[in-house]
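Colleague: As a plain string of letters, each chain reads:
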Amino acid sequence: MSSRRSRSSRQSGGSRITDDQINDLVAKLQQLLPEIRNRHSDKVSAAKVLQETCNYIRSLHREVDDLSERLSELLATTDNAQAAIIRSLLMQ
Amino acid sequence: MASVITNPVTNTNYDRSKRKKKKKQMVKENQQSQNQNHARWKSEAQQQIYSSKLIQALSRVSLNSPPPAPRGGRAVREAADRALAVAAKGRTRWSRAILTSRLKLKFRKQKRQRGSAAVVAAVTRSRRSKKPRVSVLKLKAKSLSTVQRKVKVLGRLVPGCRKQPLPVVLEEATDYIAALEMQVRAMSALAELMSGSGATSSSSAPPPQSPPPTSH
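Each protein sequence line maps, in turn, to chains A and B.
Here the first sequence is numbered in UniProt numbering, starting from 1 and rising by one per residue.
Here the second sequence is numbered in UniProt numbering, starting from 1 and rising by one per residue.
Pulled out of the complex, with its shape left as it was, chain B reads as follows:
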């Protein structure tokens, strides 16, 4: 009987300490997952995955036949960015923003063609209203500190982070930089391979594995 009375008291204490432990664990797990993410972009396996996705996307990019397609380099850049976003598995904001930006562009084009003047006016007013914004920016520049201003510039560079609060932008930037570095490595390796195999029959650094049969 006495145990029934004393149990609730100890239970609440236990729950509170358990909740605190859970919160600390979650914060630790978040940090650990971030470290894992940064190590992920440096791993060879991730680069291989990205390279194969990139090759698939590039083989789909047809540069000559469709006339409304953007200029060659731009198309390759967009395909590479999309492959990078897919490799991120949608865990970060910038990857999701890259993947949805193409959809938004399509919708905006359709709306403009329909000729709804109200939508066009609203879009232009919100996006290109430079005149009233300059005075507001001047006011804001005084109250924003240097760090705030620089973080805003950074937010414009990282896709999908224009209106995000400061710590989110910094977090996204760290992951975005690691991903961009991997993208550069993979694309330069691919360019080396293609230029090497295009010029001569054997590439510059053939691996000591079984040579591919000359297929026609």
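If we strip away everything but chain A, and leave its shape as in the complex, we get:
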């Protein structure tokens, strides 16, 4: 009764989660990751894909944090911040 299939079926309420479905979702995730996509190998294990996903999300978070730091500095230092924003709006 400790098999993960019964646990997940109880959680999802009726629809049994097959291994195929899981592999499908992991394959879709694999397509999004830049590293594994370039390496051109199909036989990446699911655990590796998930590990790469976690690392990728963490790196994206860090990038967003750096960018927001930079944006906050830009907002604070430019005296005419409003004018800069309006100008960038017009540029687009």
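Derived by calculation from the structure, the hints in this document are not laboratory data.
You may find that some hints are simply not true.
Lysine-lysine pairs mimicking DSSO-like chemistry, simulated, CA-CA at most 30 Å apart [stated by the list, open to error]:
| # | chain 1 | residue 1 | chain 2 | residue 2 |
| --- | --- | --- | --- | --- |
| 1 | A | 48 | B | 150 |
| 2 | B | 152 | A | 43 |
| 3 | B | 109 | A | 28 |
| 4 | A | 43 | B | 150 |
| 5 | A | 43 | B | 20 |
None of these values were measured; they are calculated from a predicted model.
Fit chain B to the supplied structure of chain A, relying on the hints for placement.
Modeller: Leaving out everything else, chain B in the frame of chain A:
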């Protein structure tokens, strides 16, 4: 008369096959909508929408005047995340979780200030009960497979997916990654624009459209 008798039989068969077709169609539609969602985050239009929402949110973020406001970078990050969640139109769990997390924080702060010890004790017991949880985690680590453990870690990274079953977490993660990539693209483009226009009067790559009049 004979047709009246034979009709019910054929009708049930037809209904059953129709129901099967509907189910297959729904599954196909779900997959198609997912593909559309992933393509959505890559489209230029979506990035434009997000950029304008982000600019609006940033112009509302006042960094200097309110003292209790969080540090500049954090405020910008929160505004960017909220704009991203709004751009998702609430179709995904992580976007809804981002939008409701601020409300939850406000409620928790109010409850703590009122001094209801029972609530505080319950919250701390549920959230910070590390001691009894370590032994339970050790037991669980043995029965959980590698994939399960990694999916749990992933569920902690994606907002709002801590207690979701495995396929939900994977689905949310795929959409969240696409959205984060768009967020990075939009924010870096905005930073380039702002730094370019701040340093010099003309930005690095002026589009060949009518130049904006120098307004004061």
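Colleague: Could you grab the alpha-carbon distance between residue 43(A) and residue 150(B) and see if it respects the 30 Å cut-off?
Modeller: Cα-Cα ~18 Å, so holds.
Colleague: Are the Cα positions of residue 48(A) and residue 150(B) separated by 30 Å at most?
Modeller: Status holds; Cα separation ~9 Å.
Colleague: For the pair we were handed, residue 109(B) and residue 28(A), check the Cα-Cα distance against 30 Å.
Modeller: With a Cα-Cα distance of about 40 Å, the restraint between residue 109(B) and residue 28(A) is violated, given a limit of 30 Å.
Colleague: So if I understand the rule, the pair passes when the alpha-carbon distance is 30 Å or less; does residue 152(B) with residue 43(A) pass?
Modeller: holds (23 Å)
Colleague: For the pair supplied as a hint, residue 43(A) and residue 20(B), is the alpha-carbon distance within the 30 Å limit?
Modeller: violated (34 Å)
Against the hints set out earlier in the document, violations occur for numbers 3 and 5.
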